[in-house]
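Number of protein chains: 2
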Amino acid sequence: MNILVVGSVAFDSVETPFGKAEEVLGGSATYFSTAASFFADVGLVAVVGEDFPEEHVSMLNQKGIDLEGLNRVPGGKTFRWRGRYEYDLNLAHTLKTELNVFSDFNPTIPQAYRDCPFVFLANIDPELQLRVLEQVKGPRFVACDTMNYWIEGKPEALRELLKRVDLFVINETEAREFAGVPSLVGAARTILECGPSTLIVKRGEYGALMFNASSVFSAPAYPLEEIYDPTGAGDSFAGGLMGYLANTGDTGEDNLRKGMIFGSVLASFNVEAFSLERLHRLSLDEIHSRYKEFKRLTHFEDI
Amino acid sequence: MNILVVGSVAFDSVETPFGKAEEVLGGSATYFSTAASFFADVGLVAVVGEDFPEEHVSMLNQKGIDLEGLNRVPGGKTFRWRGRYEYDLNLAHTLKTELNVFSDFNPTIPQAYRDCPFVFLANIDPELQLRVLEQVKGPRFVACDTMNYWIEGKPEALRELLKRVDLFVINETEAREFAGVPSLVGAARTILECGPSTLIVKRGEYGALMFNASSVFSAPAYPLEEIYDPTGAGDSFAGGLMGYLANTGDTGEDNLRKGMIFGSVLASFNVEAFSLERLHRLSLDEIHSRYKEFKRLTHFEDI
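Chains Z and P, in that order, give the protein sequences.
0 is the number of the first residue of the first sequence in numbering that gives the first Met the number 0; add one for each residue after it.
0 is the number of the first residue of the second sequence in numbering that gives the first Met the number 0; add one for each residue after it.
Be a bit skeptical, because a hint or two may be false.
Just so you know, same-sequence chains aren't split out, so a pair can sit in one copy or run between any two.
[Unchecked claim] Think about it this way: if two alpha-carbon atoms lie no more than 20 Å apart in a straight line, the pair counts; the simulated EDC-like pairs of lysine to aspartate or glutamate are:
1) K136 to D165
2) K62 to E204
3) K136 to E21
4) K294 to D40
5) K19 to E85
6) K136 to E176
7) K62 to E292
8) K62 to E285
9) K291 to D253
10) K153 to E49
11) K19 to E224
12) K291 to E271
13) K19 to D249
14) K291 to D301
15) K294 to D253
16) K153 to D253
17) K294 to E252
18) K62 to E276
Simulated from the structure, these hints should not be mistaken for laboratory data.
A quick note: this is a predicted structure, and the numbers were derived from the prediction, not measured.
Assemble the whole structure, with the sequences as input and the hints as a guide.
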């Protein structure tokens, strides 16, 4: 096993201009691990209720995802999220959140996962993210995500966490909010001073930017005719990126750039259908072929 | 002379989070021609009042811009625009527009300009843009801009115009509005069906996309720490692009891609200061060096 992910497994009910889906498989750890599974062996730590169906378990197993860390609470109900997207697909409107078993989530990392060289802390309470880091044995590369709720509610735990991660992956508005600086470049510098050597700012349909102390990399989003459901795009992106890094064992900047493109590829496939539908019938050939399309999409000659 | 531009020359009063400027030189034709002047010989057609100072004339002359087509109306007042930008610098809030002499603008193209192979019709009434095309002698490459005001007010003239241009350059929201399609890729296809062989969609701080029948090119914006004044970014972009095309005489896709990067370079310098301040003290060396930075900003390895 080379990647550990800690996050949510959920049932999502989603409405977009293109249709709707009721109580389909979702959650940050689900999207992340499915995307990463194309490149690496993933161990998943999350919690579900007794209502979590066997078909979802076997679908994740089919992708080679290790579920020893998936805690099934007897008599419990799985986390549910209900949301709607308007034509501006960058913005999710949360209609309802039922935390259920997720409200008592206290991740215990199985022994078999503790040596994982790559760790992804999906968007959960930063105090829990810190507790995960206490259980693992000197991972080589740690990345984390967060959201405005934690930036506002637990800024100190988040700052403590940032001292201990290599890569911080967040949305553009969250980057500005966290840093309290309207300029994105200024916000990036402020965030890098908090600890992580690399920051990735996700901009939805505008792609993503990667900042480190000396350079910036701009990755476009793949121009899709129709984005059916943007849910999970950020976690699929992180999964593709981390999966590729773990696969190659190279965390240098050039490889991070390639990883960002693989992440963008995975995210672009994911939004082509509801839930994990598209990722489940995705092949490595399709991934490679879209990577090459990203090359053509961005190519211009030297002067 | 190899480029003709028809558009506005104005006095702008602008407020941004970084400061303000009162009655400074602005206008689409001014920004366009100054940016294009680094690469090509530009003839400018516009109208100003008697209040237009000699210092502005000599500044434009210094850049080698031909002003035979700049009509100075005796007793008239120059077009004035007053606007404000919030932290979201992609959105201009117009506080006041005084058209003055611009309200009777009826462009007459000087004989010496009528053979220009490259023509840029900046954002003016599409009926006037059409009248310009009636006066020129079979230009090799015509590009035009427009705005929501004309999309809503003169859709038929605009459609007539689009049949006669090679390149249409507009903002993202305008592209969606014109096509009546929320998906940008879908909107692009609808617009290309109206006539132009190439469409460029400007996305402000997110860069620009170029669409033709068979491919898409994504150009990033240069990540600046501080954007002092976004006024004129779109016209500087078009000026850099068209100037480069006219300079090289090559309108193939590869060269259009290079042109878009030169356009992005010019736009990125322009927003570093109010009015045309930065473009006036810009050198070709700086332009080339930032072009190379765009290369580094977007580079990732093949698989």
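The hints, checked one at a time:
1. K136 to D165: within (15 Å within a copy, 61 Å between copies)
2. K62 to E204: neither (27 Å within a copy, 39 Å between copies)
3. K136 to E21: neither (40 Å within a copy, 61 Å between copies)
4. K294 to D40: neither (27 Å within a copy, 34 Å between copies)
5. K19 to E85: Within one copy only: 12 Å inside, 36 Å across.
6. K136 to E176: neither (32 Å within a copy, 54 Å between copies)
7. K62 to E292: For K62 and E292, the Cα distance exceeds 20 Å both inside one copy (25 Å) and across copies (40 Å).
8. K62 to E285: Classified as within: same-chain Cα gap 16 Å, cross-chain 51 Å, threshold 20 Å.
9. K291 to D253: both (16 Å within a copy, 17 Å between copies)
10. K153 to E49: neither (30 Å within a copy, 61 Å between copies)
11. K19 to E224: Within one copy only: 18 Å inside, 40 Å across.
12. K291 to E271: within (18 Å within a copy, 35 Å between copies)
13. K19 to D249: Result: close neither inside a copy nor across copies, 40 Å intra and 48 Å inter.
14. K291 to D301: Close inside one copy (19 Å) and across copies (8 Å); limit 20 Å.
15. K294 to D253: Both. Shortest intra-copy (15 Å) and inter-copy (14 Å) distances satisfy the 20 Å Cα cut-off.
16. K153 to D253: This pair counts as neither: shortest intra-copy Cα distance 34 Å, inter-copy 49 Å.
17. K294 to E252: Both ways: K294 and E252 sit 17 Å apart in one copy and 15 Å across, limit 20 Å.
18. K62 to E276: within (13 Å within a copy, 57 Å between copies)
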